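A.B. asks: Sequence:
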Amino acid sequence: MSDKKELTPYNGDIDDFVRRVEGAMAQEGMKLSSDTLENIKKIALGEASADDILEEKKKVR
Numbered sequence: 001m002s003d004k005k006e007l008t009p010y011n012g013d014i015d016d017f018v019r020r021v022e023g024a025m026a027q028e029g030m031k032l033s034s035d036t037l038e039n040i041k042k043i044a045l046g047e048a049s050a051d052d053i054l055e056e057k058k059k060v061r
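Counted from 1, the sequence shown has number 38 at position 38 by my numbering; the numbering is strictly sequential.
Bear in mind the hints are in silico, worked out from the structure with no lab data behind them.
Keep in mind it's a predicted model, so treat the numbers as computed, not measured.
A hint or two may mislead.
[Unchecked claim] Derived SDA-like pairs (lysine to any residue); straight-line CA-CA distance at most 20 Å:
#	residue 1	residue 2
1	Lys42	Val18
2	Lys31	Phe17
3	Lys31	Ile14
4	Lys31	Ile43
5	Lys59	Glu47
6	Lys58	Ala48
7	Lys42	Arg19
8	Lys41	Gly23
9	Lys42	Arg20
10	Lys31	Gly46
11	Lys31	Glu47
12	Lys42	Glu55
13	Lys31	Val21
14	Lys57	Leu37
15	Lys42	Gly29
16	Lys57	Ile40
17	Lys41	Gly12
18	Lys57	Ala44
19	Lys58	Ser34
20	Lys58	Thr36
21	Lys41	Arg19
22	Lys59	Ser49
23	Lys59	Thr36
24	Lys58	Leu37
25	Lys41	Ala24
[Claimed, not checked] Distance windows between CB atoms, simulated:
#	residue 1	residue 2	range
26	Lys59	Gly29	29 to 39 Å
27	Asp13	Ser34	24 to 34 Å
28	Lys57	Lys31	11 to 21 Å
29	Glu38	Asn11	15 to 25 Å
Built from N, CA and C at the ideal position, the CB exists for glycine as well.
Start from the sequences and build out the full structure, keeping to the hints where you can.
C.D. replies: Dropping the structure here:
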């Protein structure tokens, strides 16, 4: 049995979710860029996976 957990899209208020992530990171003294926040939103909505975003970043570079 695999230890990899299957992720599903977040089904709550996405903007609230992104604000919570941003707030949690701020408490740790870290600021997220608007691109990173947008990517978190895409993942939460199920519009992209982390692998998709990494592939896009590789293409841009």
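A.B. asks: With reference to the structure, classify each hint as holding or not holding.
C.D. replies: Here is how each hint holds up against the structure:
1. Lys42 - Val18: holds (10 Å)
2. Lys31 - Phe17: Distance of about 16 Å is within 20 Å: holds.
3. Lys31 - Ile14: Roughly 19 Å separates the two Cα atoms, so the pair holds.
4. Lys31 - Ile43: holds (19 Å)
5. Lys59 - Glu47: holds (18 Å)
6. Lys58 - Ala48: Holds. Lys58 to Ala48 sits at ~15 Å (cutoff 20 Å).
7. Lys42 - Arg19: Status holds; Cα separation ~14 Å.
8. Lys41 - Gly23: holds (14 Å)
9. Lys42 - Arg20: holds (15 Å)
10. Lys31 - Gly46: violated (24 Å)
11. Lys31 - Glu47: Violated. Lys31 to Glu47 sits at ~23 Å, over the 20 Å cutoff.
12. Lys42 - Glu55: holds (14 Å)
13. Lys31 - Val21: Roughly 10 Å separates the two Cα atoms, so the pair holds.
14. Lys57 - Leu37: holds (15 Å)
15. Lys42 - Gly29: Given pair Lys42, Gly29 is violated - Cα atoms ~24 Å apart, limit 20 Å.
16. Lys57 - Ile40: This hinted pair holds, its Cα atoms lying about 14 Å apart.
17. Lys41 - Gly12: holds (12 Å)
18. Lys57 - Ala44: holds (18 Å)
19. Lys58 - Ser34: Roughly 18 Å between the alpha carbons, so the hint for Lys58 and Ser34 holds.
20. Lys58 - Thr36: holds (15 Å)
21. Lys41 - Arg19: holds (10 Å)
22. Lys59 - Ser49: holds (16 Å)
23. Lys59 - Thr36: Distance of about 17 Å is within 20 Å: holds.
24. Lys58 - Leu37: The given pair, whose Cα atoms are some 18 Å apart, holds under the 20 Å limit.
25. Lys41 - Ala24: Holds, at about 15 Å.
26. Lys59 - Gly29: 29 to 39 Å: About 31 Å separates the Cβ atoms of Lys59 and Gly29, which means 29 to 39 Å holds.
27. Asp13 - Ser34: 24 to 34 Å: The hint (24 to 34 Å, Cβ to Cβ) is violated, given that Asp13 and Ser34 are roughly 19 Å apart.
28. Lys57 - Lys31: 11 to 21 Å: holds (19 Å)
29. Glu38 - Asn11: 15 to 25 Å: Taking Cβ atoms as reference, Glu38 and Asn11 lie about 19 Å apart, which means the hint holds.
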